[in-house]
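Number of protein chains: 4
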Amino acid sequence: MSSAAEKVLRRRLIQRPADPGFRQTLYDVIFEADTPLGRGFDVGLLVAIITSIVLVALETVPEYELQLDNESGQPASSLAKAFWVAEWALTILFTIEYGLRLYCVRHPLKYAFSFWGVVDLLSILPGYLTLYVEYSAKSFVILRSIRLLRVFRVLKLWRMMSQADELADAVWKSREKIIVFLAVVLVAVTISGTLMYQIETVLMGKYHESDFTSIPQAMYWAIVTMTTVGYGDVVPHTTIGKIISAVLILLGYSLIIVPTGFVSAELSGRGQTATEHHRCAQCGLMRHRETADYCDRCGHRLDEALPTQDNGELLQ
Amino acid sequence: MSSAAEKVLRRRLIQRPADPGFRQTLYDVIFEADTPLGRGFDVGLLVAIITSIVLVALETVPEYELQLDNESGQPASSLAKAFWVAEWALTILFTIEYGLRLYCVRHPLKYAFSFWGVVDLLSILPGYLTLYVEYSAKSFVILRSIRLLRVFRVLKLWRMMSQADELADAVWKSREKIIVFLAVVLVAVTISGTLMYQIETVLMGKYHESDFTSIPQAMYWAIVTMTTVGYGDVVPHTTIGKIISAVLILLGYSLIIVPTGFVSAELSGRGQTATEHHRCAQCGLMRHRETADYCDRCGHRLDEALPTQDNGELLQ
Amino acid sequence: MSSAAEKVLRRRLIQRPADPGFRQTLYDVIFEADTPLGRGFDVGLLVAIITSIVLVALETVPEYELQLDNESGQPASSLAKAFWVAEWALTILFTIEYGLRLYCVRHPLKYAFSFWGVVDLLSILPGYLTLYVEYSAKSFVILRSIRLLRVFRVLKLWRMMSQADELADAVWKSREKIIVFLAVVLVAVTISGTLMYQIETVLMGKYHESDFTSIPQAMYWAIVTMTTVGYGDVVPHTTIGKIISAVLILLGYSLIIVPTGFVSAELSGRGQTATEHHRCAQCGLMRHRETADYCDRCGHRLDEALPTQDNGELLQ
Amino acid sequence: MSSAAEKVLRRRLIQRPADPGFRQTLYDVIFEADTPLGRGFDVGLLVAIITSIVLVALETVPEYELQLDNESGQPASSLAKAFWVAEWALTILFTIEYGLRLYCVRHPLKYAFSFWGVVDLLSILPGYLTLYVEYSAKSFVILRSIRLLRVFRVLKLWRMMSQADELADAVWKSREKIIVFLAVVLVAVTISGTLMYQIETVLMGKYHESDFTSIPQAMYWAIVTMTTVGYGDVVPHTTIGKIISAVLILLGYSLIIVPTGFVSAELSGRGQTATEHHRCAQCGLMRHRETADYCDRCGHRLDEALPTQDNGELLQ
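Line by line, the protein sequences are chains A, B, C and D.
Mapping to the UniProt record's numbering: the first sequence position 72 is 72, numbers consecutive.
Mapping to the UniProt record's numbering: the second sequence position 174 is 174, numbers consecutive.
Mapping to the UniProt record's numbering: the third sequence position 190 is 190, numbers consecutive.
Mapping to the UniProt record's numbering: the fourth sequence position 105 is 105, numbers consecutive.
Think of the hints as simulated: they come from the structure by calculation, not from any bench.
No experiment lies behind these values; they were computed from the predicted model shown.
Heads up, the beta-carbon is just placed ideally off N, CA and C, and yes, glycines get one too.
Be a bit skeptical, because a hint or two may be false.
Unchecked claim - Reference listing, derived: stretches of chain A covered by chain B, where coverage requires no fewer than 3 residues with Cβ under 8 Å from a Cβ of chain B:
{"hint": "1", "stretch": "25-36"}
{"hint": "2", "stretch": "45-57"}
{"hint": "3", "stretch": "208-219"}
{"hint": "4", "stretch": "228-240"}
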């Protein structure tokens with residue numbers, strides 16, 4: 001974690017203008033949150049982002065839908081006009097912000113092609129595209145929603161991302177378990193989906209149509225069921241199908257719940273994880289108790305233990 | 001916990017009348033649960049509150065609905081009459097109780113504007129409002145249900161709230177994690193909702209109507225799905241929509257389940273374990289609990305311990 | 001646990017006939033599982049119980065339903081006849097078993113009125129009742145299913161119940177937390193149910209009927225939603241109703257998930273719980289680490305610590 | 001883990017040809033993943049397996065369904081032809097692979113009857129069966145999907161299975177708890193299903209049909225509900241049915257959630273902590289891990305330790 005924090009710090013310092021002056025002050029306001037002005041900028045930006053997303057969402061509600069007058073290309077109703085004005089105001093605001101960011105960083109091109117630079121550009125692009133392409137509230141909505149990712153940038157400046165780093169770290173540490181888990185889930189989903197498809201299509205006969213119209217549909221059912229979402233749009237109709245799906249639910253439930261303990265354990269047992277790194281030099285045991293000074297399998301002193309590789313894989 | 005309990009105790013003592021006498025005795029009966037009479041009062045109040053809520057709930061059932069005779073303003077049927085009588089009996093009972101509470105506390109105004117004072121007032125108000133406003137079982141039901149909060153007051157007197165304090169404490173300790181978690185969930189809900197909206201509306205065409213009628217509707221779907229509630233009222237109908245929603249379910253599932261471990265860890269007291277901040281100068285034990293002042297192996301004071309490497313507070 | 005096991009042992013010894021002989025041997029076969037014969041008896045009984053339950057379940061399936069000939073009072077079809085014969089064979093078997101149990105225990109009356117004695121009687125009663133009351137597969141099914149409880153008796157003889165005891169113990173230890181939790185859940189269910197009822201009925205108007213027909217119905221919705229079951233039979237239809245229910249889902253989800261950690265912690269942290277019993281004699285701290293010899297708050301030696309009451313309630 | 005890994009290693013070495021040469025090289029490529037060629041083979045096989053499964057799944061989608069010309073026995077459309085060719089190409093590929101595996105192992109018969117040998121044979125069989133039996137995309141799909149199990153073989157070669165071993169180990173350790181848990185769940189499912197069946201059929205009367213048509217159907221409802229899947233295809237319609245099902249949901253929820261903590265605890269390694277069986281003779285530490293042979297504080301051997309009170313093994 002400490003190293004992740006340092007990395008972020010270093011990356012940021014690279015972009016900060018070296019000489020004191022307007023650009024450096026601007027940089028501190030826009031990119032940092034240590035000054036009252038910087039904090040204010042962040043709050044303002046957060047409000048603007050959330051407002052713009054709320055606008056995008058409301059525009060798709062049939063009653064509020066933005067309708068343009070066919071002749072003038074202007075919005076038809078007064079509510080639509082308000083949406084239209086707010087939309088453009090925010091687009092221009094985000095454009096100015098993007099320009100200022102490019103202006104005050106030390107290497108503008110490097111910034112423009114960085115992750116946040118691309119996200120910034122994608123946030124303002126759809127607004128201008130509507131000038132050339134026929135406007136419809138439903139176009140580019142997915143592009144517009146990318147804007148929301150910038151919320152994390154603002155939160156990051158507030159140093160909350162260390163929490164997310166911690167989480168990412170824990171997930172990363174249990175990556176092998178997650179891969180095995182995903183493989184097991186996918187195989188289980190495919191096999192149980194196929195099984196239900198075969199049973200339901202055979203038993204329902206040719207006249208009554210089963211909900212399990214194809215294997216992909218049956219796999220969709222298996223995922224919806226195993227995660228306990230259970231929409232109920234695909235459901236077994238035969239008695240045997242119901243019995244088998246009941247068994248599959250119980251199996252799938254264990255399949256999902258049991259490995260959840262792994263990541264949780266990794267997350268909550270962070271102290272323990274650190275101790276795992278010290279491997280007993282004599283017998284090779286890796287999991288010791290927090291307060292252990294001696295290996296409880298062979299009695300060897302752990303201080304002299306050799307640290308193993310990050311993941312402690314004996315087999316490799 | 002102990003300090004929270006003390007705080008509650010102190011706050012309570014402020015309101016207890018100083019001089020022994022009827023008011024002090026009444027105060028002990030109504031506000032405390034140490035005497036048999038006080039305990040009896042609490043049980044009685046609990047029964048009255050629950051009865052009144054059951055009445056409010058039953059009145060809305062179409063078969064039992066309270067119908068007033070248009071001419072006399074009196075309830076029409078005998079069952080409706082019974083409801084009407086019980087309702088008024090409880091309202092009067094709660095009014096008397098409210099009066100007694102105001103009478104026996106040391107500072108009545110302070111009590112009237114305290115949290116429980118306001119809740120007490122709100123519990124009796126809807127009853128009297130029906131005298132002025134045309135009566136309907138469906139009006140003020142939400143105001144009436146606030147009455148139920150008083151159940152906690154009774155439980156609190158029985159000192160069970162220390163459990164809730166513990167929970168609140170654990171939640172408070174992991175507040176940063178919860179904020180990041182909520183931000184991640186909201187961003188995930190918005191982006192996945194928007195994605196599904198775009199896919200389903202484009203693929204369903206103009207003739208068949210998709211369940212995803214707007215982005216707010218799609219976000220409602222995303223929340224219902226990610227929490228594994230899965231009503232099934234909004235469901236993807238296209239093959240691509242189903243594939244994407246299956247992937248989103250698996251992602252959303254991990255998103256919800258994984259951070260749950262955080263709060264659980266905080267609750268089960270594991271969050272307190274193992275920091276490497278201090279090394280015991282006497283026995284050399286390095287991993288102590290965060291709250292430790294003394295080494296729990298040798299009893300040596302940790303203040304004199306040598307600080308070791310810091311972990312992650314570098315940015316602050 | 002140890003004391004629970006002793007209690008069971010003591011209770012059992014009371015009923016074992018004192019003098020060696022046929023009754024004692026029979027007792028060991030029927031009530032114990034130490035001999036091969038006793039084990040065989042248990043397996044046989046387990047098979048009989050499960051068979052009888054499967055029969056009861058199958059009889060209710062419309063296709064297999066047991067139909068009696070109106071004139072002769074005998075089953076109509078050959079399948080129905082098979083069901084009828086199996087049913088009576090098992091009833092007679094269970095009757096003999098009940099008789100033998102009464103015969104070989106030291107105090108038959110005491111056994112007849114014990115928990116398992118009553119369950120044994122209830123298992124055979126419905127069979128004989130059908131001689132007097134008009135027979136229908138659907139009558140007494142709930143009485144018949146009580147038979148299934150006897151499965152636990154057999155498992156108990158196999159000493160697996162110590163696991164269940166452990167669980168019950170853990171649940172018992174966290175009873176206060178569970179009561180507070182249930183109170184919070186019930187209050188949340190009532191208030192959110194009432195809120196949704198009011199919103200949906202007001203917004204849907206008089207013409208379109210809302211799914212939330214009454215407060216009990218709305219509370220049923222709240223329970224189905226908060227536990228993430230989500231049938232989808234009661235669902236919000238208005239936009240505001242959907243927004244509020246989305247918020248309630250997220251709140252309710254945390255409400256259910258967070259306290260789950262409590263019981264899990266109690267279950268998994270059994271070692272830690274034991275240590276809690278030792279309270280520091282100097283500062284009163286109760287939660288120490290497993291390996292702690294000294295209190296890490298005040299440095300006092302824990303060996304001299306006074307054991308507190310089972311639940312360690314400081315406040316009481 | 002280490003011993004499990006050794007066992008796998010030993011089992012593998014038995015089949016490796018003793019003399020260096022073509023067969024040994026081939027063996028290393030096909031069965032091992034230490035060489036670049038071996039790794040490449042594994043990746044290729046993984047791709048082939050997944051491709052074949054995707055093909056099987058897509059063939060069942062009504063739009064892509066493989067239709068054979070009635071006269072020539074050849075596929076009708078060009079898309080169907082592509083499917084047909086790919087299907088046969090993969091079948092032949094898997095046949096060659098199966099042949100090579102049999103050729104390069106030391107004991108071909110032993111391999112043919114091993115778990116993976118049978119899975120390998122089952123993967124190619126359905127392809128050839130279609131030559132004799134009338135072809136239909138829907139036949140043998142369940143046999144074809146067994147092919148997917150081979151994904152684990154490839155992953156196993158990459159030594160990821162040690163994770164699965166760990167999981168299996170944890171599940172095995174808590175087997176008694178799981179059996180008791182399953183017994184409790186099945187009894188709860190049967191009794192609550194029967195209860196709901198009786199209530200709904202009696203209350204719905206003869207004219208309106210209840211969703212609970214039989215006890216097996218009601219048990220299907222109970223499983224779908226208790227695991228919080230909640231399809232909504234079987235749902236209570238009476239008020240009393242709804243109240244009882246709400247109570248059953250809350251009970252069932254606790255039933256499922258609570259014991260989940262057991263396996264999670266076992267997985268996160270807390271199950272191993274803290275037994276009071278032995279006291280270290282040298283330093284007096286009492287709480288050691290179940291597997292400990294030496295005291296982890298002072299390194300003294302625990303065999304010489306004095307046994308303290310036993311906990312719960314009294315009955316055995």
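Handout entry: Ascending list of hint numbers which this structure does not respect
Key = 1
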